[in-house]
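*Asks:* Residues per chain are reported as follows:
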Amino acid sequence: MTDHVSFPDAVQWAVPFFIAAILAEFLWIAVKGQGGRYETRDAVTSLIMGAGNIASGFLLGFIAYAFFMWLWQITPLNLGTSIPVIILCFVLDDLRYYWVHRFGHRIRWVWASHVNHHSSQHYNLTTALRQTWTYTFTFMMVVRAPLILLGFHPAMVLFVGGLNLIYQFWIHTEAIGKMPRWFEAVMNTPSHHRAHHGRNARYLDCNYAGVFIIWDKLFGTFVPEQEDDKVDYGLVHNIGTFNPLRVAFHEWVGIWKDATQPGLTLRQRLAYCFAPPGYSHDGSRDSSEQIKAKHLVRHPEDCGTPGFEQFDPQASATAPKRA
Amino acid sequence: MPLEILLGLVVGGIAGITLLLHLTGRSRLRLLTPETAQIQWLRHFPDDTVIDVTVAHDGHAALVRTETGAGLLWSFGADTVARHLLDFDRIDHPDGFEVQFHDFSTPRVLIHLDETECRHWQHLMEPA
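Chains A and B supply the protein sequences, listed in that same order.
Using the working numbering, the letters of the first sequence correspond one by one to residues 32 to 354.
Using the working numbering, the letters of the second sequence correspond one by one to residues 24 to 151.
I should point out that these hints are in silico values taken from the structure, not numbers from a laboratory.
Each statement offered as a hint is correct.
Here are some, though not all, of the chain A residues that point toward chain B, as calculated from beta-carbon distances under 7 Å:
#1 Tyr69
#2 Ala82
#3 Gln152
Please read these numbers as outputs of a predicted model, since none were measured by experiment.
For glycine and all other residues, C-beta sits at the position ideal for the given N, C-alpha and C.
Next up, chain B with everything else stripped away, as it sits in the complex (with noise of 0.2 Å):
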């Protein structure tokens, strides 16, 4: 095939796609309640028991503390991703803080939260 036509092929087909999902609303974030934040952190986890899940006011994210210790999981598109809190850097953030994961396939995620509830997880993220 003709590099031209297989290149028009290939961004025509991407651009094409990406509008098409877009504008019928595949874009949507998962939106949280603490019983799916749980089973979910069980689906990522389920060697983990879960003590408490506190979900973000946006429903996005979740902090979730097990017995081994606090663990953050949020919305990844449609799914969600989950880490456990052991390596990793909190920044403070105007819609809330960053968390920094020293891990090139998960480096961060931006937690929305307002000030009451940035509080309220500062003190929950921080060790037992």
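Bound-form chain A, shown alone (with noise of 0.2 Å):
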């Protein structure tokens, strides 16, 4: 198949929005006093990501594209570009997404390139910006395939992957408190992703959506923000730096000093590339199952609340992760 399909950039197109809605929540900021918080190098440097991603994205992005069009010679399906079959792959994206995200997290080799994302300290409309530089070394374009093999144009999979970021452009803020219950029940937004950047040991590893919390909810990943659980943003072992190139590749040489250090197995090796966040070989450091368990341990009174559902703080906290 060799038709001409093209949709526009969405996420370049946006950048104007971006820019007007950074300044608006911050004047909203500055003159309600609460909604949130802005501090300039953090700004910056997520910024400078958010560039840097776009940049990434010329120079890097026609291996995905190249990968993609490869996919669209050998299918024999085509579902045309009719708005049903746009609005079906937006949602199929979005499943899709969910997946990469949870990968993203539960994977060290993919949480190196999403770990900058999380890495500010802050929650406002700039932590949305900072993207990774380093996406296209995840391999995760290779989730796409099924879409593209069901016959949905290259083009269009890439456009409605633009929108459903787009969409997760507003959902990064404090100014925010909660939206209407049928909008919550269905829809991921400011309160269910404020508890997704918690480096609280409740929201470890929560609320994965793009755009429908729904698939949280099929998949047993959703917590709900709890008001007496004050999201505390960032990262569990928070970096002290905020250069961009640093935010960009600590993760991938965190792993390479792992994985190279001497008198390791190759599954180890491997664990310390592919496990996820937190393996050590020795049980030096702590999983997210360990970090909630540990906190059960401190707060007994916790257990069986949302995030805590379905940890043993005895079994877990006690037993290291070995590969």
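Dock chain to chain to rebuild the complex, using the hints, since each chain is given by itself in its own frame.
*Replies:* Here it is as structure tokens:
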């Protein structure tokens, strides 16, 4: 199939909106004295990461696009570009996003790319733009393959992916509390995504949704934001640099240092690359499960509450994960 | 979108927002007290038991002694970052000293201390 289909690059066209919305949020916070925080170097780092993400798309995007076009050549299916097909593509691509995002938190190789998005201790609209420069190296483009093989044109798949990212921009704010109940039930919202950005034990590895929160409810990863557990933004081990190069590459460097240390088995080296973040061959680090279990030892009253439903503090706090 | 317009928007947007934030006082470093430093340490390391906290006179760093050893907490923009003092080099500096962590994500921090503080902190940082 070599038909010519073109869609606009939605993310590029949204740049003026991003800038205007950041200014509006900043003014809102300044006038109201609540609804979030801004800090100069944090915000600049986030904005530079966003610019770098667009640049990496220019430089490396051809790799994914060539792969998609090859898939498009071999698939016998073509669903066309009608509005219902675009809507279906959007919904299925959001399911794709859920799983890529979940892999991004549970596979260190993919986390190395995604970690920078969580590296700010702030949560405002600039945080939304703190995006990866190294997504191509995760090879997560393969998760889009089924969509193209099903007959969705690569240009359409990339277009709806752009719309998905644009949707997620506005949910990176503390200026909005809760949306109407029906909206909170179906859609990803500022409240749901604040929980996702939390480093509190309760909020680790939850709310991976892009647009529709139903995926988290379906796959058992939904944790609602709790009024009595204010979200503490950032990483379990917060980084101490505003240097965009260090922000972009620090976890890749960490993988390299861990996986190449002497005296490890091949299985341990692979685990440093692909096991969930927090893996260590000697049990010297905590996985998110162990962090949750240790929290429950300190706060047994949280047992059974959202984010802690499936954890036995006695069993998992003492058992280091080894490969 | 034409590349030159996109480039102008991105560069102009970043520059404008940076200027706005700086001129409205959003570049101030967080100030620490012994109480806030302890709270911040436990935020970073909830499993620790803090023995005592020594805050630098400029309020931008604190030496925290815990049951598992000493650690450093410092202002990082409006927030804080903390590290246990396990794998580091302490380098003398005219304004105090620089701590170099062997960590790509947190390479170094300059701690501003006067002469008396410097001697005191050096003593506190020595392994027990």
